[in-house]
Amino acid sequence: AQSVTQPDIHITVSEGASLELRCNYSYGATPYLFWYVQSPGQGLQLLLKYFSGDTLVQGIKGFEAEFKRSQSSFNLRKPSVHWSDAAEYFCALANQAGTALIFGKGTTLSVSS
Amino acid sequence: EAGVTQFPSHSVIEKGQTVTLRCDPISGHDNLYWYRRVMGKEIKFLLHFVKESKQDESGMPNNRFLAERTGGTYSTLKVQPAELEDSGVYFCASNYGQGRAFFGQGTRLTVV
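Top line first, the protein sequences correspond to chains A and B.
Residues 665 to 777 in our numbering are what the first sequence spells out, letter by letter.
Residues 7 to 118 in our numbering are what the second sequence spells out, letter by letter.
Simulated from the structure, these hints should not be mistaken for laboratory data.
Using 30 Å as the maximum straight-line C-alpha spacing, the simulated DSBU-like pairs for lysine-lysine come out as follows:
(1) B/K57 x A/K713
(2) B/K84 x A/K769
(3) B/K21 x A/K769
(4) B/K50 x B/K84
(5) A/K725 x B/K50
(6) B/K47 x B/K84
(7) B/K50 x A/K713
(8) B/K21 x B/K60
(9) B/K50 x A/K732
(10) B/K84 x B/K60
(11) B/K57 x B/K84
(12) A/K769 x B/K60
(13) B/K47 x A/K713
(14) A/K769 x B/K50
(15) B/K47 x A/K769
(16) B/K47 x B/K21
(17) A/K732 x B/K47
(18) A/K769 x A/K725
Using the sequences and the accompanying hints, generate a full structural model.
Structure representation (structure tokens):
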């Protein structure tokens with residue numbers, strides 16, 4: 665069965681520190697992978713996506729993610745976190761572009777000063 | 007351009023009542039999706055419209071939920087009668103073809 669696992673429910677990072685949010689997936693082939701962010705009172709915003717090609721994907725707001733087929737992972741990273749990055753982050757997959765998404769449970773990021 | 011808009015932003019109703027949620031997708035987007043997030047759980051797919059047709063409704067939990075998209079524009083999701091377990095945040099998303107999906111801010115439904 666297709667699934668997405670985000671092992672960390674809540675992470676706290678100091679402002680200026682690096683960040684890595686984990687995402688593992690279960691899928692028979694190479695899925696389409698996404699990271700979304702939701703700030704309070706806002707809708708889900710797409711940070712980046714991976715369909716094929718270069719396994720290191722650059723997104724908005726300085727985020728990047730690396731697809732690792734051998735580990736079935738698509739971890740999100742940012743070298744230096746800003747207080748405005750505090751939000752909930754969702755990893756998701758789809759079996760093809762433009763179809764329904766399967767989400768992980770989300771990781772809440774808190775940023776300490 | 008206007009984004010995906012959902013109404014209302016919050017709704018509190020009593021068990022057994024009826025509630026209708028509305029989603030206005032981005033103009034021109036033929037795909038419209040409904041998702042739901044129950045507290046503490048992941049966001050789960052409910053159904054997918056292509057224009058006015060239901061492409062996939064495999065995620066609809068039961069027959070108390072009815073979704074429509076008359077004319078292929080806005081969509082409504084009706085819950086009748088509402089139960090306590092229907093509480094959660096209902097998201098709508100839209101896209102065109104295989105393009106990226108844009109999400110609304112969600113409707114928080116509380117059934118008491």
